[in-house]
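Here the protein sequences come in this chain order: A and B.
Number 26 in the working numbering belongs to position 26 of the first sequence; there are no gaps in the numbering.
Number 302 in the working numbering belongs to position 182 of the second sequence; there are no gaps in the numbering.
If you are wondering where the hints come from, they were derived from the structure by calculation, not from laboratory data.
Predicted model only: the values in this text are computed from it and were never measured.
Don't be surprised by glycine CBs; every beta carbon is placed ideally from N, CA and C.
Check the hints yourself; a few may be wrong.
Residues from chain B that face chain A, not an exhaustive set, calculated with beta carbons under 8 Å [as the list claims (entries may be wrong)]:
no.	residue
1	Leu-142
2	Cys-255
3	Val-284
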Amino acid sequence: MVPSPDVMHEYSIVQSLYDAVASHAARQGAKAVHALHVRIGEMSGVDPGLLDTAWKTFRVKTICEAAPLEVEIVAAEWRCSLCGAPVRRGAVLVCAACGAPATLKQGDEILLDRIVMEVP
Amino acid sequence: MCESCGCGDINLVPIEVQQRILSNNERTAAHNRHHFLERSLLAINVMGSPGAGKTAVLEATACALDGRRLIGALAGDLATDNDAQRLTAAGIRAESITTGSACHLDASMVHHALHHLPWSDLDYLFIENVGNLVCPAVYDLGQAANVVLLAVTEGEDKPLKYPVMFHKADLVLISKIDLLPHLPDISLDRIVDSLRRVMPNPKYLAVSARTGQGIDEWIAWLAGQEYVADAEPHPRHHTHAHV
Chain A
1 MVPSPDVMHE
11 YSIVQSLYDA
21 VASHAARQGA
31 KAVHALHVRI
41 GEMSGVDPGL
51 LDTAWKTFRV
61 KTICEAAPLE
71 VEIVAAEWRC
81 SLCGAPVRRG
91 AVLVCAACGA
101 PATLKQGDEI
111 LLDRIVMEVP
Chain B
121 MCESCGCGDI
131 NLVPIEVQQR
141 ILSNNERTAA
151 HNRHHFLERS
161 LLAINVMGSP
171 GAGKTAVLEA
181 TACALDGRRL
191 IGALAGDLAT
201 DNDAQRLTAA
211 GIRAESITTG
221 SACHLDASMV
231 HHALHHLPWS
241 DLDYLFIENV
251 GNLVCPAVYD
261 LGQAANVVLL
271 AVTEGEDKPL
281 KYPVMFHKAD
291 LVLISKIDLL
301 PHLPDISLDR
311 IVDSLRRVMP
321 NPKYLAVSAR
331 TGQGIDEWIA
341 WLAGQEYVAD
351 AEPHPRHHTH
361 AHV
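Hey, can you work out the whole structure from these sequences and the hints?
Structure, rendered in structure tokens:
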């Protein structure tokens with residue numbers, strides 16, 4: 001069963017994604033979009049599977065109809081805010097060496113990286 | 121189609137974009153934030169599960185402040201305006217944002233609602249988000265701070281199950297602590313341990329809207345947030361008036 005368009009925020013993200021892609025495609029005079037590459041962090045709050053489901057529903061009868069969504073998942077990476085030592089996920093988020101709080105170095109991305117489009 | 125040699129290949133071009141997908145929401149959130157800052161209004165995004173006690177804590181907040189601060193609220197609600205009615209009865213100037221089936225508030229819903237709520241003289245604006253520990257965490261609304269409620273009845277490991285929400289919290293209100301004597305298997309220490317695994321610098325207060333325990337500390341925390349930033353230049357030209 002396809003979830004209804006409003007019950008998960010991935011649909012609203014797909015709407016924003018489509019708007020961005022359509023605007024780039026129009027600027028290039030593209031005839032069709034053939035692929036999209038996005039980067040989604042593990043700590044972004046976006047579920048890649050649901051995003052793909054939402055995309056497949058949304059792209060029908062648009063310039064993106066034939067464009068698969070290629071998702072690169074970015075692992076969450078915590079590091080000490082002072083000395084840069086890695087802090088393991090799931091551990092208390094404080095550096096074992098110097099006691100400073102950790103910061104999230106990567107893993108909160110919700111990014112459109114690349115669009116492959118067919119131009120005249 | 122390649123037209124130069126007639127080979128029949130289509131002409132595919134990769135375009136590097138490197139664009140934040142929610143940049144439109146971020147622009148509207150920055151716009152809201154500027155409005156709040158130029159009026160020295162403290163806007164708080166209040167999040168938590170359905171039934172965590174968001175509305176009850178806001179009622180207790182109004183009661184404790186007893187008119188010392190002018191408070192407004194926008195209450196995100198799927199289908200009813202029950203929360204806004206309760207907040208109004210507590211002396212809070214409140215407006216509902218009925219989201220239909222949408223699972224979160226976004227910056228444009230807040231901006232739109234600000235056209236219906238006289239807000240410019242308020243000291244505090246609480247934006248009571250839709251009850252949900254997933255979707256609301258993704259959308260900046262223009263708030264000064266995120267406050268997440270976690271009722272002791274929800275279980276000690278909720279921060280580990282919903283790390284994005286708790287990671288984004290500037291303050292966690294551990295609510296309904298008056299129920300702890302009835303919950304022998306729940307330990308406040310273990311809740312705090314879960315928070316420390318998703319929040320590098322965890323700030324939390326244990327509160328009960330029913331008994332008032334911890335509410336003074338919460339009021340003090342709010343007062344400490346009042347002068348965190350001066351107004352920055354307006355991010356874009358804007359001529360419409362807000363009530």
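Earlier hints that do not hold, by number: Going through the list in order, the structure violates no hint and respects every one.
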